[in-house]
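**Student:** As a plain string of letters, each chain reads:
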Amino acid sequence: MARITVTVNGADHTDEVEPRLLLAHYLRDKLRLTGTHIGCDTTNCGACTVLCDGLPVKSCTMFAVQADGREIITVEGLATGGQLQPIQQGFKEEHGLQCGFCTPGMMVAATALLERNPDPSEEEIRWALSGNVCRCTGYVNIVKAVRWAAQAMQEQAAPEEPATRQPATEQAATR
Amino acid sequence: MRDVGYLRVGDTAEALTAAARPGARLIAGGTELVNLLKERIEQPDLLVDISRLPLTDITVGPDGLHLGALARMSDVAAHPEVRSGYPAIAQALELSASPQLRNMATMGGNLMQRTRCPYFRADHDLPCNKRRPGSGCSAIDGDHRAAAIFGASESCVATHPSDLAVALVALDAQVRTTARTLPARDLHRLPGDQPHRDTVLDHGEMILGIDVPVSPPSAYLKVRERGSYEFALVSVAVAAETSGGVIRTARAALGGVAPKPWPLDVDLAGVPLRRDELRAAIAPAFAAARPLPGSEFKIELAQRAVVRALTKPIGLMGET
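Sequences listed follow chains A and B, in order.
Numbered by the working numbering, the letters in the first sequence go through residues 136 to 310 in order.
Numbered by the working numbering, the letters in the second sequence go through residues 3 to 322 in order.
Bound-form chain B, shown alone (with noise of 0.2 angstroms):
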């Protein structure tokens, strides 16, 4: 690992203006950027350590869920009104990672963690657009089994690995930066020819907290090649309100089918709670989904795991 400067701000403002310099680069956690300089993937000249602010917060009020941006991975997923309010982010965080990362990792990083593509983890030089712009992508031609069938580009067909920016998708979450207010379906961009970047944020520029408004119930389906500490092949995050077996309103995400959650654009008001039914009414939103051979499985492994978050009840760890 490269010889890098440290400094531990003590509010909000030192960090800005330490965080914009150039080659500055913030942590929290660390469990993702550590890595990142391990790899030398990133090679940053100054850590930017926030991770003593004081935005651990977690508050359940009348206008929905407030996180603080330093909010440890484990104590949200442990919070019972988070638990029982808005159970898709709680099972989300709880099936990412592993409890040691959990308890490290925050609300801010696991939002701005990086693809798991193994081209752009490899520990030699191949091509990926996204590690090296202009060096191609390995993947297109290579081991794709893991990405993307929406919103990938000729430069990029990697996917985001976070299984929270997909619960707080379907969830219609906000993300409070140093800079603005936007939607968290807007924070992460599609690769386009610049897939080096993976969100809209601007160098500089801090997650301060995540507001998510009052939910209907909620629940996140994560499907992987193991039980636990695997990153999903597909996601789903769901929250509907149904009545007498009908659908009143829904809004879903999909996680590991795009370079960021991808928003489930059907109405899905009306829909009896049926496979068949189900199945009917979202298929008009895979119809864009370009999957490379051998990701194609993901278009049907996508669509049942819709239908099962849906119409099947999901027990968070230890109370199923």
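With the rest of the complex left out, here is chain A (with noise of 0.2 angstroms):
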């Protein structure tokens, strides 16, 4: 057994731990954090999807012990306060999801996208989630989903003018 301390989603945890366990595993049966899906268990998948350091990572292809002193978040560290993130409101609003098993490995990994670059194209979007499969095959909802986070982001960060408020293209024509 090894003993590991890991973030996830804002909160400590020291366990003892099995090498062989997964990350994926770690956090659904000991964690009891079930958004994170394993849809595959051969890395092809992207169902299970978490930000290790921010950064995407697949957790069925990684040990607990791996991500021993690293900053997990999973699915349910999008939300705050109760609040959809707009990843998630883009999935919402855009029916970015049928089955929604592929779905929380979408959010997060569109999550990092955004965070790097905030006003992706649709290639980019599409590059960015080539690691995640929705066997559904909603991709062209997924990517206005992106898009959708993408715009309400950047309504969200821009002065609050509503009388005057431009229409998110032109913003993007005089940044």
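A couple of the hints might just be wrong.
Ranges between beta-carbon positions, derived for each pair [stated by the list, open to error]: (1) A290(B) x P253(A): 22 to 28 angstroms; (2) E250(A) x G7(B): 35 to 41 angstroms; (3) P218(B) x P253(A): 25 to 31 angstroms; (4) T149(A) x R42(B): 48 to 54 angstroms; (5) K227(A) x R4(B): 40 to 46 angstroms; (6) G229(B) x T140(A): 55 to 61 angstroms; (7) T140(A) x P135(B): 38 to 44 angstroms.
Here are the simulated SDA-like cross-link-like pairs (lysine to any residue), alpha carbons at most 20 angstroms apart as the crow flies [unchecked claim]: (8) K314(B) x D278(B); (9) K40(B) x G235(A); (10) K165(A) x D278(B).
Calculated directly from the structure, the hints in this document are not laboratory data.
Backbone N, C-alpha and C fix where the C-beta goes; we use that ideal spot for every residue, glycine too.
Grab the two chains, each in its own frame, and use the hints to assemble them into the complex.
**Tutor:** In structure tokens:
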């Protein structure tokens, strides 16, 4: 057994774990954070994507011991104070899910993209999500959902002047 | 997955001592090793975690590029001076795996990854000399679309999957280990009758870094069955100086065609950058090709890829 301390969604957890325990199983079985899905268990599908020190990684392809001292964000860590994050709102508004199984991984991977690139093109979104598989093949609406979130975040970041607010496209042109 | 011990080491000396134990296996990003353990392809007794060692440097200087063994794929691919001075390396990395894996996987681990031959990876007991020495090769009479056309043996026709390794060979890089420095082109070995050994490294030997000399303009072209997150059917890395539409110097290496990155050993100096002349100049290198019926298409595909890599500028993702 190995002792690990991992920060998950802002809270520190110290546990004795078997070295062969996958991070995905640690999150789901030990911490009961079952939002992180295990789709393929073969590193292909991306349903298990979490952020490790801010970067998307596949938690089924990482031992919990490797996360010792790291900061993990799971899909449960996206919303704050009961408020949906723009990416979550975007998936809702644009119907970015059908069966919903891939959705946690998609939203986590998209969160990292928007952190790095607040105004991604469709191509950049598709590239950033290329490690996430949607078996319903709902990619068109997933891309729209990420675009929706990007736009909402830019509007949030813009100065609050509702009376004179410009459409997002004009904001982009004058930036 | 079988139970396994775990030791995180704090320095290289400690790593060497631990890695020398029988049954020990180094782990860095783990993106390959975790799967090898899950699939019971490898069953080490001890994982020696080297991921916290200070070997993550990415340094560009007048003598070239230096990459620590633990530099992450995503960090190297995004490095501005790697992208401008060594684009074949940035492209090879960016076209590898998926974003999640590139955020974990390291330079050393990428070179040490194992073949994607479906029989090596199969979750049931099929003959595979690389996985179970002496059991035979299922690919020769089976599914061998992805098989090698160069350097294979009667024991094994598997190809090496690393994109990075192909770029390093074209750029004449050196690999530094705890025991020696060797050219990147000599790191991987041909299967012969010992296909279970992928590289020339000894048990417990650890890659410390990669040194790449200052490079002429370079590019990496990967041909695969979908646009992202797939291994190469064939790939080519080129590093070439040209003037007035004529090659002055060029070095090229192929991926997806051999058990190791396959240097294209033809002299291209003086060859005009035109399809017909290039095809004629590289043809001798393909005389040694020994495909299986299902992999014969790679001979034509690889030659077209070389021509395209030399004649068409290849953009980095997001900069095309």
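**Student:** Checked against the structure, which of the hints given earlier come out wrong?
**Tutor:** 1, 3, 4, 6, 9, 10
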